[in-house]
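**Q** Please put together the full structure from these sequences, using the hints given.
Protein sequence lines, in the order shown, are assigned to chains A and B.
Letter by letter, the first sequence follows residues 1 to 175 in the working numbering.
Letter by letter, the second sequence follows residues 1001 to 1175 in the working numbering.
Because the hints were derived from the structure by calculation, they are not lab data.
Where hints are given, some of them may not hold.
What the hints assert, rightly or not - Partial list, computed: chain B residues near chain A (C-beta under 7 Å):
hint	residue
1	T1034
2	K1037
3	I1038
4	R1040
5	N1042
6	G1045
7	D1126
8	V1151
9	P1157
10	I1159
11	I1161
As the list claims (entries may be wrong) - Below, in silico cross-link-like pairs of lysine-lysine (DSBU-like), each with a Cα-Cα straight-line distance of 35 Å or less:
hint	chain 1	residue 1	chain 2	residue 2
12	A	K108	B	K1152
13	B	K1108	A	K162
14	A	K121	B	K1152
15	B	K1109	B	K1121
All residues carry an ideal CB built from backbone N, CA and C; glycine is no exception.
Protein chains: 2
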Amino acid sequence: MEAEATRILIGVNESSLKGYPHPSISSRTAFEWTLAKIIRSNTAGFMLLFLHVQIPDEDGFDDMDSIYASPEDFQSMRQRDRIRGLHLLEYFVGRCHELGIRCEAWIKKGDPKEVLCSEVKRVHPDILVVGSRGLGPFQRVFVGTVSEFCVKHADCPVITIKRKADEAPQDPVDD
Amino acid sequence: MEAEATRILIGVNESSLKGYPHPSISSRTAFEWTLAKIIRSNTAGFMLLFLHVQIPDEDGFDDMDSIYASPEDFQSMRQRDRIRGLHLLEYFVGRCHELGIRCEAWIKKGDPKEVLCSEVKRVHPDILVVGSRGLGPFQRVFVGTVSEFCVKHADCPVITIKRKADEAPQDPVDD
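**A** Next comes the structure, spelled out in structure tokens:
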């Protein structure tokens, strides 16, 4: 009988091109890398934790065509966001179920890098895996500082998985 | 039959307190963490690569009491360094042998952070694991920038393992 399973927390987000429920290329790459290189055939030795952090939609761009006439309309908007997030998580939970890997998945609202680090403090995973768009230093000023922040501030070892070059869209922001 | 083994490169160095052949607390912590959290019982699924980088001893402090009378004396000094490094690697290779994990180990001279990254380019490991003394921002100015450099520059995912707080000597430089 093996010791307690190694708990790996993976931060996942939606594709910026295709939107929900499609996972971003970076999230999928980080997940597949973890399966192939760490878990391998030892499915009983690991437990995966999937955290999706939704950024509060302050400018409401996604909802430009909606009409808000009552408090219930806002409630239904929040409900819709939540369902979209759940469909994203369904992808990863479904894959784990096929492979026989124990997992848990949940959604939080907030700044992804801050929430990832506070959730590490709360759930104490053995490893945090985050995908990265693998941008150059110039592009990094505008996007993709989540992994760098976590490497510095998370209270557990962090693995940053850069997207494979052949999977990168021409514009790296299209993840 | 599983896919090709996951190759993990671990950078190891000697204890700054006890000297050769004793591994530093950080190296041992990184190695033991890799065994417990990644390899677990799946010893056939992984191969460990141990790299010890010796910093060229430019000021010759260690050899203050030696007399150098001929080119051969210098040769024997270099030979002695090499043997000390081999005894350090023997610790890790011995542990792997006991556990039935395939491994390779070698020594290079140079700046540890530069050599670790160039060896990643040469041997293409799946993961680089480096220990870290876990110093605060002030102490980090003087020591322990290897892991930060590798996270930024190595061509493979990097895991930095910070030493456990209860294993840290009072002066963090005494590793």
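**Q** A separate judgement is required for each hint: does it hold in the structure or not?
**A** Against the structure, the hints:
With a cut of 7 Å, the hint placing T1034 (chain B) at the interface with chain A is violated, because the nearest CB-to-CB distance is about 10 Å. Satisfaction of the interface hint for K1037 (chain B) is found here, the shortest Cβ-Cβ separation to chain A being roughly 5 Å, below the 7 Å cut-off. Interface hint status for I1038 (chain B): upheld, as the beta-carbon distance to the closest one in chain A is roughly 6 Å, under 7 Å. This hint holds: R1040 (chain B) has a C-beta 5 Å from the nearest C-beta of chain A, less than the 7 Å allowed.
The beta carbon of N1042 (chain B) is positioned within 7 Å of a beta carbon in chain A (closest approach about 4 Å), and the interface hint is therefore held. Because the closest C-beta pair between G1045 (chain B) and chain A is about 5 Å apart, less than 7 Å, the hint holds. For D1126 (chain B), the interface hint holds, the least distance from its beta-carbon to any beta-carbon of chain A being 5 Å, beneath 7 Å. Interface restraint check: V1151 (chain B) against chain A, minimum CB-CB distance 6 Å, threshold 7 Å, status holds.
For P1157 (chain B), the suggested interface contact is upheld, since its CB lies about 5 Å from the closest CB of chain A, less than 7 Å. For I1159 (chain B), the interface hint holds, the least distance from its beta-carbon to any beta-carbon of chain A being 5 Å, beneath 7 Å. Because the closest C-beta pair between I1161 (chain B) and chain A is about 6 Å apart, less than 7 Å, the hint holds. The straight-line distance between the Cα atoms of K108 (chain A) and K1152 (chain B) is roughly 28 Å, inside the 35 Å bound, and the hint therefore holds.
This hinted pair checks out: K1108 (chain B) and K162 (chain A) have alpha carbons roughly 28 Å apart, not beyond 35 Å. Pair hint K121 (chain A) plus K1152 (chain B) holds up; C-alpha atoms about 24 Å apart against a cutoff of 35 Å. With a CA separation close to 16 Å, the supplied pair K1109 (chain B) and K1121 (chain B) stays within the 35 Å bound.
Checked against the numbered hints above, the structure breaks only hint 1 and satisfies the rest.
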